[in-house]
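Asker: Here the protein sequences come in this chain order: A and B.
1 is the number that my numbering gives to position 1 of the first sequence; each next residue is one higher, with no gaps.
173 is the number that my numbering gives to position 173 of the second sequence; each next residue is one higher, with no gaps.
No lab work stands behind these hints, which were simulated from the structure alone.
Just so you know, not all the hints are guaranteed correct.
Since the list can't tell identical chains apart, any single copy or any two copies may satisfy a pair.
Cut-off 20 Å, straight-line C-alpha distance, at most; resulting in silico cross-link-like pairs (SDA-like, lysine to any residue) [as the list claims (entries may be wrong)]: (1) Lys112 x Leu15; (2) Lys158 x Asn133; (3) Lys48 x Tyr276; (4) Lys48 x Thr17; (5) Lys112 x Pro194.
2 protein chains.
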Amino acid sequence: MEQFEVHILGCGSALPTARHNSSSQIVRIGNELLMIDCGEGTQLQIRKAHQHFSRINHVFISHLHGDHCFGLIGMISTFGLLGRTMPLHIYAHKTLQTLLTPQLQYFCKGMKYEVIFHDINPDEQQTIYENNNISVTTIPLNHRIPCCGFLISEKPKKRHIIADMVEFYKIPIYARPKLREGEDYTTPDGETIPNERLTTAPDPSRSYAYCSDTKPMPEIISQIANIDLLYHEATFANKDKSRAEETYHSTAAQAATIANEAKVKRLVIGHFSSRYDNEETLLAEACEIFPATELASENKTIKI
Amino acid sequence: MEQFEVHILGCGSALPTARHNSSSQIVRIGNELLMIDCGEGTQLQIRKAHQHFSRINHVFISHLHGDHCFGLIGMISTFGLLGRTMPLHIYAHKTLQTLLTPQLQYFCKGMKYEVIFHDINPDEQQTIYENNNISVTTIPLNHRIPCCGFLISEKPKKRHIIADMVEFYKIPIYARPKLREGEDYTTPDGETIPNERLTTAPDPSRSYAYCSDTKPMPEIISQIANIDLLYHEATFANKDKSRAEETYHSTAAQAATIANEAKVKRLVIGHFSSRYDNEETLLAEACEIFPATELASENKTIKI
């Protein structure tokens, strides 16, 4: 199966610490790298992670708090210095374009590539990007400002041909793509061979959701039901639950409850408050509700 | 003597590397921290260096290339989240205010402290900040855009009282401050005691200059003559001298030549191009001309 993995570049929250960078991650699907959020220092994290700048063509920004977007101008500028020519697509609330445009005009004069802004409406489920293999859909969240998560889903895949059977029936090469799409085969003699004798089931279509920053949102459960991996913010521990409510964030237990109710396969929690010296308490509180939880950490790669 | 030291937060150049951060440093004089330049990731570097955010009240920006100022918005925003109330003074080309103001209005709404911009004219030697102990003067440089360095000089200090002599002449406490300023003392009998019998010479007034980014500028030599420490950019090695010329940068040898001709006591070179895996060649080329050269590196503290 094609690679589908999430590489965490930063999983801290608003205040920087020596342990955690601001929010950013790269989702790798085959050779394509999708970036989600781009806090300050993201370009340095990409360097340290030995990821390829040039393969990042799409950046999805959840919301316009600094720890999710202050790294954009530096990264865009660096892409320019590296001689990039491919356009860069940025999907974000429309205010981002208003704020970035004067900076681009001043700092990125003469750059050889285009930055293309795509305005997203974070209040609706919208498919904002798709290619042959995947689609990216917004997940409306509830934070202090307009905010959405992103559901990245593989499209249905093609069936696998059973080589021995294809040979047995001497099925010509030109006829094989149809088999992968599930069609039956009719021999020159007029005999119909049912598709299930010639192929096996396709690889499962995997999916990943990124939900940060947000209050716990039961409304998202149906949208993320049964997905393979959920990244959910878990800024606070139980003892700081009232602080989570005030700031429109989630506790680790609330993240786990969402994961549990949505019956996702695995949960990774992140966006940790700087008040904790480590996240063991957060992990323990989440695992009590949803055992298949792990902690995000800088440079961690999670395969889906 | 009061502490006077330079703490390097970043000494890379335009392209980030895993080894070097963007330009920024903190000059500590007693309890005051002056920041020079503020590239992306500076606030993280301050955290890692365990420097006190709250003591940074003055930020000097040499020029408006991203690697010298992209860290400002994140740092300002973090100061706000930490509940800062003291104003923050930023000394920079006036365009910075134009670019930062819309970002401050959007990202830093409700912040409890003021950001005060001071427009500097990088083409003239101007004293842009002073307090009881020091002054900061611009050093006109020659880069692709308006750019200046900064000369930080201690003011003349007071003489030291010789305790035994003051006791011998029974000089009352109220009369002693004048002695420290070099005045003679007249006894109640009308005898004049020359100051040099009562005091010893003051501590020397130290000085530090930051010159980055720039072509080699012989014009600065008189302004930085005999200073204690010079930080000079040395983006390139000799073999890339033509690239240095094209981009209005200096080689390590050119930086050393400036240091040598200005008869500074020590030179530290920085702003290294990302093309070098290490800076040993740059150091060797500089030391050949000016042996008292050292390499800048992240988290290095240089005492003056």
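Asker: Which holds for Lys48 with Thr17 at a C-alpha limit of 20 Å: within a copy, between copies, both or neither?
Answerer: Classified as both: same-chain Cα gap 17 Å, cross-chain 8 Å, threshold 20 Å.
Asker: For the identical chains here, do Lys48 and Tyr276 meet the 20 Å Cα criterion within one copy, between copies, both, or neither?
Answerer: Between copies only: 16 Å across, 25 Å inside.
Asker: Quick one: Lys112 to Pro194, C-alpha cut-off 20 Å, is that within a copy, between copies, both, or neither?
Answerer: neither (53 Å within a copy, 72 Å between copies)
Asker: State whether the alpha carbon distance between Lys158 and Asn133 is at most 20 Å within one copy, between copies, both, or neither.
Answerer: Within one copy only: 11 Å inside a chain, 75 Å across chains, cut-off 20 Å.
Asker: Could you place Lys112 and Leu15 in one of the four classes (within, between, both, neither) given a Cα distance threshold of 20 Å?
Answerer: between (34 Å within a copy, 17 Å between copies)
Comparing the model with each earlier hint shows a violation of hint 5 alone; every other hint is respected.
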